[in-house]
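Asker: Here is how the chains run, residue by residue.
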Amino acid sequence: MIRIRDLTKRYGPLTVLDRFALDVRPGEAVALWGPNGAGKTTVVRCILGLVDYEGTIEIDGLDARTRGKAVRNRIGYVAQELSFYDDMAVTDVLDYSAALRGVPTDRVRELIGSFRLDEHRSKRVAELSGGLKQRLALAAALLSDPPVLLLDEPTSNLDAHSREEAIELFEHLRLQGRTILLTTHHMEEMGMLVDRVVAMEDGRIVTECAPGELAERLGLKVWLHVTLRGGHNTRALEALETAGFTARANAAGILVEVSAQRKGQALNALHRAGLEIEDLEVWT
Amino acid sequence: MTTEALPRNGRSLDLPERAQRSSVAAIARKELRDAIHSRWFWMWTAAFAGLAAVLAIAALPGSRIAGSASYGRTAASLVTLTQIIIPLMGLTLGAQTIAFQRESGALRFLLSHPVNRTEAFWGLYLGTSAALTAASFAGFGAAGILTALRSGSGEAGSFVRITLLAWALLLAMVGLGMLISTLARRAAAALGSAVFVWLLLVFLGDLGLMGTAVATRLSVSALFFSTVANPVEAFRLAALASFADSFDILGPAGTYAADALGSALVPVIVTILLVWVAAPVSIAWFRFRTRQDL
Numbered sequence: 001m002i003r004i005r006d007l008t009k010r011y012g013p014l015t016v017l018d019r020f021a022l023d024v025r026p027g028e029a030v031a032l033w034g035p036n037g038a039g040k041t042t043v044v045r046c047i048l049g050l051v052d053y054e055g056t057i058e059i060d061g062l063d064a065r066t067r068g069k070a071v072r073n074r075i076g077y078v079a080q081e082l083s084f085y086d087d088m089a090v091t092d093v094l095d096y097s098a099a100l101r102g103v104p105t106d107r108v109r110e111l112i113g114s115f116r117l118d119e120h121r122s123k124r125v126a127e128l129s130g131g132l133k134q135r136l137a138l139a140a141a142l143l144s145d146p147p148v149l150l151l152d153e154p155t156s157n158l159d160a161h162s163r164e165e166a167i168e169l170f171e172h173l174r175l176q177g178r179t180i181l182l183t184t185h186h187m188e189e190m191g192m193l194v195d196r197v198v199a200m201e202d203g204r205i206v207t208e209c210a211p212g213e214l215a216e217r218l219g220l221k222v223w224l225h226v227t228l229r230g231g232h233n234t235r236a237l238e239a240l241e242t243a244g245f246t247a248r249a250n251a252a253g254i255l256v257e258v259s260a261q262r263k264g265q266a267l268n269a270l271h272r273a274g275l276e277i278e279d280l281e282v283w284t
Numbered sequence: 001m002t003t004e005a006l007p008r009n010g011r012s013l014d015l016p017e018r019a020q021r022s023s024v025a026a027i028a029r030k031e032l033r034d035a036i037h038s039r040w041f042w043m044w045t046a047a048f049a050g051l052a053a054v055l056a057i058a059a060l061p062g063s064r065i066a067g068s069a070s071y072g073r074t075a076a077s078l079v080t081l082t083q084i085i086i087p088l089m090g091l092t093l094g095a096q097t098i099a100f101q102r103e104s105g106a107l108r109f110l111l112s113h114p115v116n117r118t119e120a121f122w123g124l125y126l127g128t129s130a131a132l133t134a135a136s137f138a139g140f141g142a143a144g145i146l147t148a149l150r151s152g153s154g155e156a157g158s159f160v161r162i163t164l165l166a167w168a169l170l171l172a173m174v175g176l177g178m179l180i181s182t183l184a185r186r187a188a189a190a191l192g193s194a195v196f197v198w199l200l201l202v203f204l205g206d207l208g209l210m211g212t213a214v215a216t217r218l219s220v221s222a223l224f225f226s227t228v229a230n231p232v233e234a235f236r237l238a239a240l241a242s243f244a245d246s247f248d249i250l251g252p253a254g255t256y257a258a259d260a261l262g263s264a265l266v267p268v269i270v271t272i273l274l275v276w277v278a279a280p281v282s283i284a285w286f287r288f289r290t291r292q293d294l
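Residue numbers (our numbering), protein chains in the order written: chain A, 1 to 284; chain B, 1 to 294.
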């Protein structure tokens with residue numbers, strides 16, 4: 001459904017994408033994962049024809065460069081944040097998007113209902129919470145019932161509750177058999193959303209694998225910030241070092257470097273040493 | 001083509017790549033509606049209509065400022081107001097159109113739809129122009145109605161001609177503003193540049209030309225064509241010429257032009273104004289189509 005070959009994008013002397021290639025099968029959900037500046041969003045912008053590029057992009061067999069309108073008619077795009085059109089009402093945003101897509105207004109009413117936006121239909125976009133804005137953006141993207149969804153960091157500006165809700169929605173869309181390409185730098189949500197992860201760095205693909213394998217493939221580490229009941233930081237550091245972990249104390253507790261997929265091992269080491277964990281945070 | 005790509009609602013996903021009127025109209029309608037819901041629209045409309053009405057009243061019979069009243073006198077009063085306000089409205093709002101939408105992400109959202117850049121550009125231009133046309137026609141309308149109520153409709157033709165010339169100036173300024181908008185990197189820079197161009201066209205250009213003429217002993221013909229090359233001056237000359245019996249009020253350059261061009265004078269100036277309507281917006285369109293960092 002999505003076929004990208006030798007995609008190269010340069011801004012002056014800076015090469016943002018370097019001979020990037022990707023195939024996404026119909027109905028497959030793929031994540032482009034990587035740090036800020038890896039080139040994920042640039043891939044999305046190239047697909048949408050927002051920037052010029054070298055190489056070829058085909059969506060559903062159509063060249064994105066020469067058949068831009070037909071390609072975009074097959075794509076529902078959800079940006080990071082619907083922070084513009086703040087003065088427009090929910091219904092007006094959808095009516096506008098529907099007019100641009102040549103979709104009858106009945107479809108707007110249908111989506112307002114299915115995305116549970118009925119009670120918010122007259123509200124201005126500025127009055128909506130992050131989760132509601134994301135629901136609105138997704139409803140707008142689905143107006144023409146496109147076979148492909150492009151989601152650019154779709155959960156990055158959401159609170160925990162809204163993120164959970166958004167993930168549920170995306171899962172539902174995935175089950176409908178749509179082809180999904182999303183960009184993210186959150187590792188933890190990918191397992192629920194995609195079949196395959198393409199890790200990027202400096203405009204190139206570093207590795208491709210199943211979401212659960214990524215951390216191990218890349219040797220990714222996270223920090224656990226642990227607060228212990230009654231202090232005992234010295235005992236905790238000794239126990240962790242004996243178990244082979246790198247750890248250090250700070251004013252509030254201890255920081256332990258762990259493999260992203262093996263967080264429990266550090267906690268087990270503390271438990272075996274008879275230490276009681278009061279609080280825990282994961283720092284990435 | 002894969003079968004999975006077929007739309008679930010049976011509607012064809014294939015669209016012609018050429019620009020379609022329906023998309024342009026949808027974007028223009030949205031721009032117009034946004035303008036009508038915004039404070040600036042009502043601020044400009046109220047300011048222009050209010051000032052135009054005051055000028056019309058000042059030109060009415062019995063006024064100590066003007067002796068006899070007529071549409072012609074009201075139109076003459078409106079020329080100065082128009083040559084200051086209309087360029088400021090057109091330039092600043094035209095300059096904000098693309099630059100502001102690019103910065104807010106709205107342009108990216110728009111272009112993620114099945115619309116091409118030609119449709120987006122002309123939709124934005126037409127919507128902005130329609131809103132400003134409504135604002136300026138409100139001003140001319142207020143002045144025209146006041147004058148007609150108090151003193152009849154004598155010389156209404158010159159009033160209509162000046163209204164149309166002001167409209168042409170407005171469209172030229174919106175186009176120039178949009179050209180600035182497509183060239184600027186940021187919305188603030190676009191707005192600043194628009195204000196600078198306004199100063200240049202309305203005040204500095206005139207002063208600079210006078211200074212240059214004195215310093216370089218510019219010939220009368222060169223002075224005339226340098227003057228009408230400025231769209232604001234072209235509007236002023238065409239507007240004054242449309243109701244003045246003699247071109248003496250235009251100074252030596254005007255006298256030269258009247259002698260050299262005769263009855264072709266007004267058509268020549270109007271043509272220059274129409275070139276200003278078409279050229280900047282066309283260049284802006286080309287720039288928008290080829291600009292990469294949207």
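A couple of the hints might just be wrong.
What the hints assert, rightly or not - Just so you have them, the derived chain A footprint on chain B, three or more residues with Cβ under 8 Å: (1) 40 to 53; (2) 88 to 96.
To be verified - Below, simulated SDA-like cross-link-like pairs (lysine to any residue); rule was C-alpha separation at most 25 Å, straight line: (3) A:K123 to B:A106; (4) A:K123 to B:F100; (5) A:K263 to A:K123; (6) A:K123 to B:I36; (7) A:K123 to B:R150; (8) A:K221 to A:E188; (9) A:K123 to B:A35; (10) A:K123 to B:V54; (11) A:K123 to B:R108; (12) A:K123 to B:D34; (13) A:K123 to B:S104; (14) A:K263 to A:D202; (15) A:K263 to A:F245; (16) A:K263 to A:E241; (17) A:K221 to A:T105; (18) A:K221 to A:P35; (19) A:K123 to B:E103; (20) A:K221 to A:E153; (21) A:K123 to B:W40; (22) A:K221 to A:L132; (23) A:K221 to A:R272; (24) A:K123 to B:L183; (25) A:K123 to A:R174; (26) A:K123 to B:G262; (27) A:K123 to A:T105; (28) A:K123 to B:L294; (29) A:K123 to B:W42.
To be verified - Anything over 10 Å on all C-beta distances counts as not near chain A; from chain B, calculated: (30) P16; (31) E17; (32) G105; (33) A106; (34) G141; (35) G192; (36) D206; (37) V277; (38) A279; (39) L294.
In case anyone wonders, no lab produced these hints; they're calculated from the structure.
Note that this is a predicted model, so its numbers are computed, not measured.
Glycine included, each C-beta is placed from N, C-alpha and C at the ideal position.
Asker: Compare the structure with each hint and give your call.
Answerer: A quick look at each hint next to the structure:
Look at the stretch 40 to 53 of chain B against chain A: 0 of its residues bring a Cβ nearer than 8 Å to a Cβ of that chain, fewer than three, so the hint is violated. With a threshold of 8 Å between beta carbons, the proposed coverage of the stretch 88 to 96 of chain B by chain A is violated, since 0 of its residues qualify and at least three are required. A distance of roughly 19 Å separates the Cα atoms of A:K123 and B:A106; the hinted pair therefore holds under the 25 Å criterion. Under the criterion of a C-alpha separation no larger than 25 Å, the hint pairing A:K123 with B:F100 is consistent with the structure, at around 23 Å.
For the given pair, A:K263 sits about 43 Å from A:K123 by alpha-carbon distance, which is inconsistent with the 25 Å threshold. For a cut-off of 25 Å, the pair hint linking A:K123 to B:I36 stands: about 18 Å separates their Cα positions. Restraint check for A:K123 and B:R150: not satisfied, since their Cα atoms lie roughly 46 Å apart, outside the 25 Å limit. Under the criterion of a C-alpha separation no larger than 25 Å, the hint pairing A:K221 with A:E188 is consistent with the structure, at around 13 Å.
Taking the CA atoms of A:K123 and B:A35, the gap is near 19 Å; set against the 25 Å cutoff, the hint holds. A distance of roughly 40 Å separates the Cα atoms of A:K123 and B:V54; the hinted pair therefore is violated under the 25 Å criterion. For a cut-off of 25 Å, the pair hint linking A:K123 to B:R108 stands: about 23 Å separates their Cα positions. About 16 Å separates the Cα atoms of A:K123 and B:D34, which keeps this hinted pair within 25 Å; it holds.
Note on A:K123 and B:S104: the hinted pairing holds, with a Cα-Cα distance of about 20 Å set against a maximum of 25 Å. Proximity of A:K263 to A:D202 is assessed by CA-CA distance (about 28 Å); at most 25 Å being required, the pair is judged violated. Taken as a hint, the A:K263 and A:F245 pair is honoured in the structure, with Cα atoms around 11 Å apart against an allowance of 25 Å. At most 25 Å may separate the alpha-carbon atoms for a hinted pair to count; A:K263 and A:E241 meet this at roughly 15 Å.
At roughly 49 Å between alpha-carbon atoms, A:K221 and A:T105 are farther apart than 25 Å, so this suggested pair is violated. The suggested pairing of A:K221 with A:P35 holds, with an alpha-carbon distance near 14 Å, which does not exceed 25 Å. Straight-line distance between C-alpha atoms of A:K123 and B:E103 comes to about 24 Å, which keeps the hinted pair within the 25 Å bound. For the suggested pair A:K221 and A:E153, the alpha carbons sit about 22 Å apart, so the restraint of at most 25 Å is met.
With a CA separation close to 22 Å, the supplied pair A:K123 and B:W40 stays within the 25 Å bound. Restraint check for A:K221 and A:L132: not satisfied, since their Cα atoms lie roughly 33 Å apart, outside the 25 Å limit. With a CA separation close to 23 Å, the supplied pair A:K221 and A:R272 stays within the 25 Å bound. Between A:K123 and B:L183 the alpha-carbon distance is near 35 Å, which puts this suggested pair outside the 25 Å criterion.
In summary, the hint linking A:K123 to A:R174 is not supported, as the alpha carbons are separated by about 29 Å, beyond the 25 Å threshold. Taking the CA atoms of A:K123 and B:G262, the gap is near 61 Å; set against the 25 Å cutoff, the hint is violated. Among the hinted pairs, A:K123 with A:T105 is consistent with the structure: their alpha-carbon atoms are about 18 Å apart, no more than 25 Å. Proximity of A:K123 to B:L294 is assessed by CA-CA distance (about 29 Å); at most 25 Å being required, the pair is judged violated.
For the proposed pair A:K123 and B:W42, the alpha carbon gap of about 23 Å is at most 25 Å, so the pair holds. Some Cβ of chain A comes within 10 Å of the Cβ of B:P16; the nearest lies about 7 Å off, and the non-interface call is violated. Under the 10 Å C-beta cut-off, the non-interface status given to B:E17 relative to chain A is violated; the minimum distance is some 5 Å. Remark: the non-interface label on B:G105 conflicts with the geometry, its nearest Cβ contact in chain A lying 5 Å away (cut-off 10 Å).
The beta carbon of B:A106 is not kept farther than 10 Å from every beta carbon of chain A, the shortest such distance being approximately 4 Å. At the 10 Å boundary, the C-beta of B:G141 stays outside the reach of chain A, the nearest C-beta of that chain being 27 Å off. Look at B:G192: its CB is around 22 Å from the nearest CB on chain A, clear of 10 Å, so calling it non-interface holds up. With a minimum CB-CB distance of about 39 Å to chain A, B:D206 clears the 10 Å threshold, and the non-interface call stands.
B:V277, annotated as away from the interface, keeps every beta carbon of chain A farther than 10 Å; the closest lies near 27 Å. At the 10 Å boundary, the C-beta of B:A279 stays outside the reach of chain A, the nearest C-beta of that chain being 25 Å off. The claim that B:L294 is not at the interface with chain A is violated, since a C-beta of that chain comes within 10 Å of its own (minimum 5 Å).
Hints 1, 2, 5, 7, 10, 14, 17, 22, 24, 25, 26, 28, 30, 31, 32, 33, 39 from the earlier list are contradicted by this structure; the remaining hints agree with it.
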